[in-house]
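Which chain is which? The protein sequence lines are A and B, in order.
Position 62 of the first sequence, counting from 1, maps to 62 under this note's numbering, and the rest follow consecutively.
Converting from the second sequence to this note's numbering requires adding 1000 to each position, the first position being numbered 1.
In case anyone wonders, no lab produced these hints; they're calculated from the structure.
There could be a bad hint or two in this list.
Label-pair distances were calculated between CB atoms; the ranges are [unchecked claim]:
# : chain 1 : residue 1 : chain 2 : residue 2 : range
1 : B       : Gln1081   : A       : Arg8      : 45 to 53 Å
2 : B       : Val1067   : A       : Gly43     : 51 to 59 Å
3 : A       : Glu5      : B       : Glu1026   : 28 to 36 Å
4 : A       : Gly118    : B       : Ala1077   : 52 to 60 Å
5 : A       : Lys99     : B       : Glu1026   : 18 to 26 Å
6 : A       : Asp96     : B       : Arg1175   : 22 to 30 Å
7 : A       : Gly50     : B       : Arg1040   : 56 to 64 Å
8 : A       : Val45     : B       : Asp1102   : 51 to 59 Å
9 : B       : Asp1223   : A       : Ala41     : 23 to 31 Å
Take a look, some chain B residues computed to stay more than 10 Å from chain A by CB distance [claimed, not checked]:
#  : residue
10 : Asp1007
11 : Arg1036
12 : Pro1043
13 : Leu1066
14 : Val1078
15 : Asn1115
16 : Gln1117
17 : Thr1134
18 : His1145
19 : Val1147
20 : Arg1159
21 : Ile1176
22 : Arg1178
23 : Glu1182
24 : Ser1235
Virtual Cβ for every residue (Gly too), placed ideally from N, Cα, C.
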Amino acid sequence: MTRAEEVRLLRERASEDTTYRTVASRADYASFTRCMLLAQARGFVPVRTGGDHIGMADYLRDRGKHAGLGTAHLLHRIGAQRLPKLKRLRTFADYDPHKTFTSGMAQEAVDLMDEIEGLLDQGEAEVQALAG
Amino acid sequence: MPVPAVDKEKAALFNELVTLDPADLEQAGRIEWRLRAKLRSQPADRELQVCIVQALLQQGKAAEALVLSEHMWASRAVLDQSCLDTFQLQLMSLGLYEWALDLMPALSGPGLISNSQENVRRLRLSWLLGDFDTFKALVDGVPDHSVTLLIENGRQFCRWVDDLGLGPHLPEHQRIIRSVLENRQVQVDLKLLREFDEEGSQAELSQCIYVAGTYAERCEIEDRLYEGLSGLYASVGQGDAPFWDLMMPMVMDVTSRPPYALH
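Using the sequences provided together with the hints, build the complete structure.
Here you go:
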């Protein structure tokens, strides 16, 4: 079972604040790890700290910055917008205990993870060639 | 959110409305129609109109809520204090920030909203209007013995905005957000949080804007926001500034909003 599949299963079973937070946190982790493989295949060198989260997203964003359509464009969308939003939802889940974390927020995190998975799948052939 | 002191049925419907599960749009719709039925027999009842605006907001019906709110704005002088209080929050939810700010003096004073509530509303409105000087002054003006984690985060966030020289661009930043969200926004929520890691911490402000829309529609709105804001910062030589990470607008579905804090 992939991490994304685990998250979808968690989402199906989630029914209250704590489990919704867990879903968002794991969705972010699932996307982060998959994007990290892609970034490393393209030359990103992680420093193994929390800063890698931003560093990797910035790397993907910058690699796609001047591109038009195609994989580079997808990278920009992931790095500039989707991953940062998913990470922000994780921040809400982890650092905002006084506000309710709703079912809809958990679903948003899963939708973001699924979109990132889909964008990465679109560029799979190129990714495999680079990793390969 | 205050519950207006109205007749028992109105009060019951309003109380049920604001304590509903945010995802229960069907029940919000049923309450709206019951309120509308009452309004037909009491068309001049401003309290009922406030209740209906609330029902519309909770269903994501921004355009209808705007029309009714604009109509009510003309007769705001006859709203009692508790209705005015709720109406101000509704104006804020709809992105009518100038009007919400205009109501502040009528809500400030003994027996009305508390000083801390007033400060929080002023803080939110100053940010949403792009008035960074007022935002910073409110954050810096908190006495040291009253500083909370939120204010600490606010101060660190203001230093970042200052260091990056982003303050003068915030009115345009907010204008872009409002133009993209026009006729869509039904709630806005600001979160000032700080994430910690091995390298320290950074305060981030999230501007969560709630609309009725599918995931794809909301992504499309966010893409337009990103494009508009990127264009703004590139045009003033701030293209590499981390504006998106630092003060991210997030477009969320109305059903994912947090429940109201009642007081």
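(message) At 10 Å, judged by beta carbons, does B/Thr1134 keep clear of chain A as stated?
(response) The assertion about B/Thr1134 holds, with a minimum of 24 Å to chain A.
(message) Assuming the hint says 18 to 26 Å, is it satisfied by the Cβ distance from A/Lys99 to B/Glu1026 or not?
(response) holds (25 Å)
(request) Check the following: the C-beta atoms of A/Gly50 and B/Arg1040 are separated by a distance inside 56 to 64 Å. (result) Cβ of A/Gly50 to Cβ of B/Arg1040: about 58 Å, so the range 56 to 64 Å holds.
(request) Classify the label on B/Pro1043 as holds or violated, using whether its beta-carbon is more than 10 Å from each beta-carbon of chain A. (result) Given a closest Cβ separation of 35 Å, the condition holds.
(request) Beyond 10 Å from every chain A Cβ: check whether that's true for B/Arg1159. (result) Consistent with the label, B/Arg1159 stays out of reach of chain A, its closest Cβ about 18 Å off (over 10 Å).
(message) Does B/Arg1036 clear chain A by more than 10 Å, comparing its Cβ with all Cβ atoms of that chain?
(response) holds (27 Å)
(message) Taking 51 to 59 Å as the stated bounds, is the beta-carbon spacing between B/Val1067 and A/Gly43 within them?
(response) holds (54 Å)
(request) Classify the label on B/Arg1178 as holds or violated, using whether its beta-carbon is more than 10 Å from each beta-carbon of chain A. (result) holds (20 Å)
(message) Tell me if the beta carbons of A/Val45 and B/Asp1102 are separated by a distance inside 51 to 59 Å.
(response) Holds, at about 54 Å.
(request) Over 10 Å to the closest beta carbon of chain A is the bar; see if B/Asn1115 clears it. (result) Non-interface label on B/Asn1115 holds, nearest chain A Cβ at 20 Å vs cutoff 10 Å.
(request) Just double-check B/Ile1176 for me: nearest Cβ-Cβ distance to chain A has to come out over 10 Å. (result) It holds; B/Ile1176 is separated from chain A by about 15 Å at its closest Cβ, greater than 10 Å.
(request) Look at the Cβ atoms of A/Glu5 and B/Glu1026 and judge whether their distance stays inside 28 to 36 Å. (result) holds (32 Å)
The structure agrees with every numbered hint stated previously.
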